[in-house]
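Engineer: One-letter residues, chain by chain:
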Amino acid sequence: MSNPLSALNGATWSDGIASVVEVPMQGMITLRGDLSDPVIKAAATAVASVDVPGQGHANCDDSRGICWMSPDELLVLCSYEDVAANLEKMQSTLDGVHSLCVDVSDARAVFEVSGPYAREVLAKLAPVDLAPDQFTKGMFRRTRMAQVPAAFWLQDTDCFRIICFRSHAQYVFDLLTVAAQKGSAVDLF
Amino acid sequence: MSTRLATGGRLLNKEKAVRFTFNGQQMRGFEGDTLASALLANDQMLVGRSFKYHRPRGIVAAGAEEPNALVNLGVEGKFEPNQRATTTELFEGLLATSQNHWPSLEFDVGVINAKLARFMPAGFYYKMFIHPRPLWKHLYEPFIRQAAGLGQAPKGRDADTYEHFHAFCDVLVIGGGIAGLLAARSAAQAGARVLILEQTAHWGGRAPVDSGGIDGKPVDKTVDELVSELSDMPNVTMRTRTMGAGVYDHGYVLGYERLTDHAPETDGPRHRLWRIRAGHIITATGAIERPLSFAGNDVPGVMLASAVRDYVVNYGVSPGDRTVIVTNNDDAYRTAIALKAAGLDVPVILDARVLPADSPLMAEAKAAGIRVMMGHGVAKVLGGKRVTGVAVCLQAGEGAVREEFACDAVAMSGGWSPVVHLWSHCGGKLLWDNDFAMFRPDVDKAPTGADGAAFVSPAGAANGHFGLTEIVGDAHAMGHAAARATGYEVTPKPAPDATSFEEAPLAPVWLMPQGAGAPLRSKAWLDYQNDVKVSDVQLAAQEGFESVEHAKRYTTLGMATDQGKLSNINGLAILSGALNQPIPQTGTTTFRPPYTPISMGAIAGEARGKVFQPVRRTPMHAWHDENGANWEPVGHWRRPYAYVRSGESVHDAVMRETKNVRENLGLLDASTLGKLIVKGPDAGKFLDLLYTNMMSTLKPGKCRYGLMCSENGFLIDDGVVARIDEETFLCHTTTGGAERIHQHIEEWLQTEWWDMQVYVANVTEQYAQIAVVGPNARKALEALGGMDVSAETLGFMEWADGTLGGFKVRVYRISFSGELSYEIAVKASEGQAFWDALMTVGDALAVMPYGTEALHILRAEKGFIMIGDETDGTVIPQDLGLHWALSKKKDDYLGKRAQERTHMTDPERWRLVGLETVDGSVLPDGAYAMADGANENGQRTMQGRVTSSYHSPNLNRGIAMGLVLHGPERMGEVVAFPGTDGTTYQAKIVSPVFYDPEGEKQNV
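Chains as they are written, first to last, in the numbering used here: chain B, 1 to 189; chain S, 1 to 1004.
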């Protein structure tokens, strides 16, 4: 019975200074281990086809990628359909190496915020320096948005991808629409 | 009378008239006016009544320091009290009303207080209303609260929106006057990322109003050039209408931006709170002029000399045809000269000083034909609701009147005080400057950051510099220093060349005349907003309130919305005089953020309405909502308390659901239960330390109920642990416990047992988990089909992976109800579909969803404890008879040693029992059982309390659990529980297991 429903079933909004879209189910695998271990790295890169990023960074290419979550944690992104196969592949690579590899795709919701004011919308909610020369493509922040945990990166110029917990999806969607309300441009960036 | 001048008004757009209403009266101003300048232009000198004596009060200042002109603005959703007219920009349709009077501003019965003033000295309320004691609460306090207060609390829901914004910079400059602009430029030229905030709508501060020039040009020209230069620099951000509200540790600053106060019909948020991280902060916050303390200095028409100048030059407003100047310094002469230049009359300048020679400003005033009386001051102001004249006396004397002048306004200046608020917020120290009689920042004792280096620097007037030359030089240098402090290389350029007048020194004047007797002192106001007079502060000192903080609270000097911006130094000086000690020894009260009040809305930011608080929703949330869920908040989650059908009460629904689970089939959304994966070679060993029972011996495929205690031995969580494989466990936590227990586990793992090879992941939200409970549970799963769920294949406390109805599932055969029960986890994205499938097959099996209250009753019938009901942070497993879950085989686990302390092993600890009312009624939850006698505090002795209490529809009577002294040894005894309804409940002590004590129903 594979008809996965994302938290908000693809909700969209564009009645303000940025547009907000819920992205369809994104495959996500949490990998914990010693990030200097080549086997751990290989487990991630083999399924994501990108290099392991450094601290505070992410290498993302559409639906595939690797995000640096903490000194011993990576988030591996892949298409939702491939999660089971990738998980198996990673687990066999990691056989005998102390690590943890777990599917968290359904535990999350993903949003895209785009438009010339997208940076400002995020800067209203997250304590992050979002100036164009300070937060650049390839960077990744695991932070909070207003009252809940969230992580984001620049998918494209003026387009952010945001990950939050699935149970917070409605809150985060509402939050983004409030922060992007008409007439609320800060005109800073 | 005050009026609009034909010429002048550099901030006005006279092309555009603006209509507004004050106390119901239509008035007219211009675009660019503040409400204060527009009121003065309409001859509205009287703007409010004072707090205590209801004295008529007028506009005193022209900026943020204004104590009197506080008004109610707007109506209903836009209503806001205590708004300063001097910082309120005029807009079309503005509605303002004055405050603190009844029935009207012109005629206020509260003025009777003024007649009784001599009976209402400092500390009056404390002294008067203390006896008899009970009357305070029931009579005096409600009455005083009714009478006190300035504005009214808003009643309507706020119609506006607000937001926060996080900003970062190298150098933050607070204040957009000439000093701020110059400091910003020198920092920016070095390459620093600069943010500059100005609280008003205009750059340049007060320098353009005062005399002087920079690089041979008038100051306003220089300001324009600086603003255009800065706005062209990509590394500079400039914000007007944004006040630096507070400076906090680590370079954190709050900025308060007022976006639409001046244009309320505009889209977007009204206020924006800037949450700034700055590498270095420059406070270029200017200075505030001090009033002089003479009798009648609060009569409407008595204003600060600088404010009079501002109104004439900036707004083209005359405070009256004839203005008497009274001063102890040169600066007020600028006001005299400005008034003359505007064609107005200055009958006399009363200068308290006696000087050997005229300074250039004095000479200029005299040349303009103004009479100057040196060594003179105001004996008293004549007039009630507005100034009609002044009586003049010798400053050195006691107030004998030598001459009287008729006038419409009095412009006073007692010298200037640097605005040191933001410098002081984070611990910047002050120095007493004898020459200027003021506190200035002690730059050697600045607020310091984590590295011990200063992170705040004052610049310009805020640093105690008053001549334009000094201000320019200081600001220029401070900008460079700030850039250097944030890691930029500075190629110093010379400071601009400024010219300013040589000024004669000021003479400190704290009371006018210096020998004023009691009648004059009790009419000489220090704090306008709180009605504190010279005599009140002297009385406080006499009564022993020697500390400045005590004197402040006793007299209310420097309290309320202006926080003593005008009164502070004058009050300190009077207190010092009364205590016979130098001013620096008295010191100042503490400066605390915000600089001026900021709106509650700005503090809350976006957090209101639908995003007031995050509500966590399970995948089946919408279904529950559509099916009558009566919601219960559990942490941030919302869980259905019961599903109420039409015509049913919530209680009816709970009873129906509870019975149906025992008789047929219930479905519970258990997705909120925490699910933590614990994996690694040391996972078993690690869990043995976290749980009180043995987990390492659990076989893959099996489940075990476990308890977790804090290191102090108290129960903190419970749940079922499933062993997935040799290295992997899945630990269930309570709904509220997932994040808390995850943190608890990570803390022990990272700080104490970091050598263990274990990783933990919180997968709570990956799964929708549904409990399928009741005699028909197995039939329902068999109807879905796909895996063997028989008792033989999947026994009690076992789990298995498989498919059901085409869904990939993990089935745990565990029971929190005592019934045949399966908890089934599916992916969250399939949760709703799986729930629907269960409802469909359940249709023939009398399925009903059930909520958290039915869950509670079912577990209470079985005597199962609930974290948060039977535990409250002071309860240990032994209290609950859970000895079976405390492993004796293990050397250690968290809480083990604590549980061996004498207090924990005391047989007098209250222990868990069941409670059964003798008449079948329901015991009040939380009720205490009384014992004979009283404790050492004279309180009745207790011997137990109710921890859970319900009506059980299956047993058809009240059931309860409770902690009772020697409880398990007192089976059958009847104990009395007084309720709050006047009745005393009699309950028999019984076993906490009320239903199916053999556990036959779950083992089928």
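Rather than coming from a laboratory, the hints here were simulated on the basis of the structure.
It cannot be assumed that every hint is accurate.
[Stated by the list, open to error] Computed list of lysine-lysine pairs in DSBU-like fashion (alpha-carbon distance at most 30 Å, straight line):
(1) S:K808 - B:K89
(2) B:K41 - S:K16
(3) S:K155 - B:K182
(4) S:K896 - B:K182
(5) S:K127 - S:K52
(6) S:K685 - B:K89
(7) B:K182 - S:K16
Engineer: Now tell me, hint by hint, if it's right for this structure.
Structural biologist: Verification of the hints:
Between the alpha carbons of K808 of chain S and K89 of chain B the distance comes to roughly 20 Å, so the proposed pair stays at or under 30 Å and holds. Between K41 of chain B and K16 of chain S, the direct Cα distance comes to roughly 68 Å. Violation of the 30 Å bound is thereby established for this hinted pair. Among the hinted pairs, K155 of chain S with K182 of chain B is consistent with the structure: their alpha-carbon atoms are about 27 Å apart, no more than 30 Å. Between the alpha carbons of K896 of chain S and K182 of chain B the distance comes to roughly 59 Å, so the proposed pair goes past 30 Å and is violated.
Taken as a hint, the K127 of chain S and K52 of chain S pair is honoured in the structure, with Cα atoms around 16 Å apart against an allowance of 30 Å. A C-alpha spacing of about 28 Å is found between K685 of chain S and K89 of chain B, which places the hinted pair at or below 30 Å, so the restraint holds. A C-alpha spacing of about 27 Å is found between K182 of chain B and K16 of chain S, which places the hinted pair at or below 30 Å, so the restraint holds.
The structure is inconsistent with the numbered hints 2 and 4, although it conforms to all the rest.
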